[in-house]
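Colleague: Sequence:
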Amino acid sequence: FYIKGSQAKDAAGFVGSNIVMRTQTSSDQVRALIERGVPLYVASPGRVFRTDELDATHTPVFHQCEALAVDKGLTMADLKGVLDKLAVAMFGDGARTRLRPSYFPFTEPSAEMDLWFPDKKGGPGWIEWGGCGMVNPNVLRSADIDPEVYSGFAFGVGMERTLLLRHDINDMHDLVEGDVRFSNQ
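Using the numbering used here, the first residue of the sequence shown is number 29, and each one after it goes up by one.
Hints should not be assumed to be uniformly reliable.
[Stated by the list, open to error] Restraint-style ranges between C-beta atoms, simulated for each label pair:
(1) Ile-155 x Val-204: 28 to 36 Å
(2) Pro-133 x Glu-63: 21 to 29 Å
(3) Ser-55 x Asp-199: 25 to 33 Å
(4) Gly-153 x Val-58: 20 to 28 Å
Hints are computed from structural coordinates only; laboratory data are not their basis.
Predicted model, so just to flag it, every value in this text is computed and none were measured.
Think of the CB as a built atom: it goes at the ideal place given N, C-alpha and C, for glycine as much as any other residue.
My request is simple: use the sequences and hints to build the entire structure.
Modeller: Pasting the structure below:
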C-alpha cells in the first residue's frame, strides 16, 4: 500500500509485478478529460487502499469521492464556493470550509480542506475533511488541453469520514467492524 513520502515501488500497494491497488480515484478524471474533452464536470467515487492504521478517524480501505471541474475561467474562488455549498448541503447552514496550504502533485496551488462543524460533540470546531486545489497546468497539457484557455479545480473527500461527521459518530471502528448492535441503530 501507499506509504506517504516513500519512493519504494513496493510501498505503493503493488500486489503483483504490474498490479497496484488504487490509492485514489483521480485516474478516472484523466480518462474523462481525454475521452470527453472540455468543459468537464465529473465526480469519481470508488474504493481506495492506503497504509493508514485503523483508528478513530482513519481506515486503510475506504470510499473516496473526487470531483474535477475544467472550464474557461475557473478560479480558487469557484473552488471555495463549491466546497462551502457542499458543506452546507451535507451538514447544514452553519457549516463552512477553510483551506490550509498543502502539497498534492496534480494540483497547484493545493490545500487541505477543513470543515467548521458547529454541532460536533465537545463543541464547535474545525475538522479535516479532504484535499483540494487548482489543476496543475501539466495535467491539462497531458490531456491536450491548453492551460492558457482552460483552468480547473479538484477536490476529494472520504465518504466514511463524511458519515462520521454527518451522524456525529466518534470512532471509525463503529463503521467498519460490522457490529450488528451499531448497524441496527
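Colleague: Falls inside 25 to 33 Å, the C-beta gap from Ser-55 to Asp-199?
Modeller: holds (31 Å)
Colleague: Does 21 to 29 Å hold as the CB distance between Pro-133 and Glu-63, or does it fail?
Modeller: At 22 Å between Cβs, range holds.
Colleague: Range first: 28 to 36 Å. Now tell me if the beta carbons of Ile-155 and Val-204 are that far apart.
Modeller: For Val-204 against Ile-155, whose Cβ atoms are near 19 Å apart, the range 28 to 36 Å is violated.
Colleague: Is 20 to 28 Å respected by the C-beta to C-beta distance linking Gly-153 and Val-58?
Modeller: Violated - the Cβ-Cβ distance for Gly-153 and Val-58, about 36 Å, lies outside 20 to 28 Å.
Of the hints listed earlier, those the structure fails to meet are numbers 1, 4, in rising order.
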